[in-house]
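**Q** All residue numbers for the sequence shown refer to the numbering used here, where the first residue is 1 and numbers rise by one.
Do not rely on the hints blindly, as some may be mistaken.
To be verified - Derived DEER-like restraints, expressed as beta-carbon distance ranges:
1. A22 - S70: 29 to 39 Å
2. D3 - R68: 27 to 37 Å
3. A21 - G56: 14 to 24 Å
4. R16 - I60: 13 to 23 Å
5. C32 - D4: 30 to 40 Å
6. R16 - A65: 24 to 34 Å
Worth flagging that the hints you see were computed from the coordinates, not collected in a lab. Beta carbons: idealized from backbone N, C-alpha and C, even for Gly.
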Amino acid sequence: MIDDLIEFAYARDIVRETLPAADGCDHYVLACPGDTAIHVWVRPDGRFSRAVGEQGALTIGQVAAASRLSYAGRAERSAA
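Whenever a hint applies, use it, and build me the whole structure from the sequences.
**A** Dropping the structure here:
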């Protein structure tokens with residue numbers, strides 16, 4: 001699921017930055033409405049490691065909601 005979320009984020013042009021993390025994870029900075037950002041780390045094996053927003057730790061679902069990313073939105077854009 002995290003690979004889909006990152007793919008959706010790239011497709012919607014909300015990935016602000018991609019960085020390597022000291023622990024070997026890929027660190028993605030996702031733009032959110034307003035001037036906020038969510039930091040997402042993906043392990044080298046492609047699994048979700050962690051995410052942090054203004055309110056603290058986030059789940060994958062919370063990242064998707066805060067970034068306004070969804071399968072439904074992608075399906076609508078694909079059909080257009």
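**Q** Is it true that the C-beta distance of D3 to R68 lies inside 27 to 37 Å, as the hint says?
**A** 18 Å, violated
**Q** At the C-beta level, are C32 and D4 separated by a distance inside 30 to 40 Å?
**A** Taking Cβ atoms as reference, C32 and D4 lie about 18 Å apart, which means the hint is violated.
**Q** A range of 13 to 23 Å was offered for this pair. Does it hold for the Cβ distance of R16 and I60?
**A** 19 Å, holds
**Q** Okay, A21 versus G56 on CB: inside 14 to 24 Å?
**A** Holds, since A21 and G56 (Cβ atoms, about 18 Å apart) stay within the stated range.
**Q** Could you check the hint for me, namely that R16 and A65 are 24 to 34 Å apart, CB to CB?
**A** 18 Å, violated
**Q** Do the beta carbons of A22 and S70 sit within 29 to 39 Å of each other?
**A** 32 Å, holds
Of the numbered hints listed earlier, those contradicted by the structure are 2, 5, 6.
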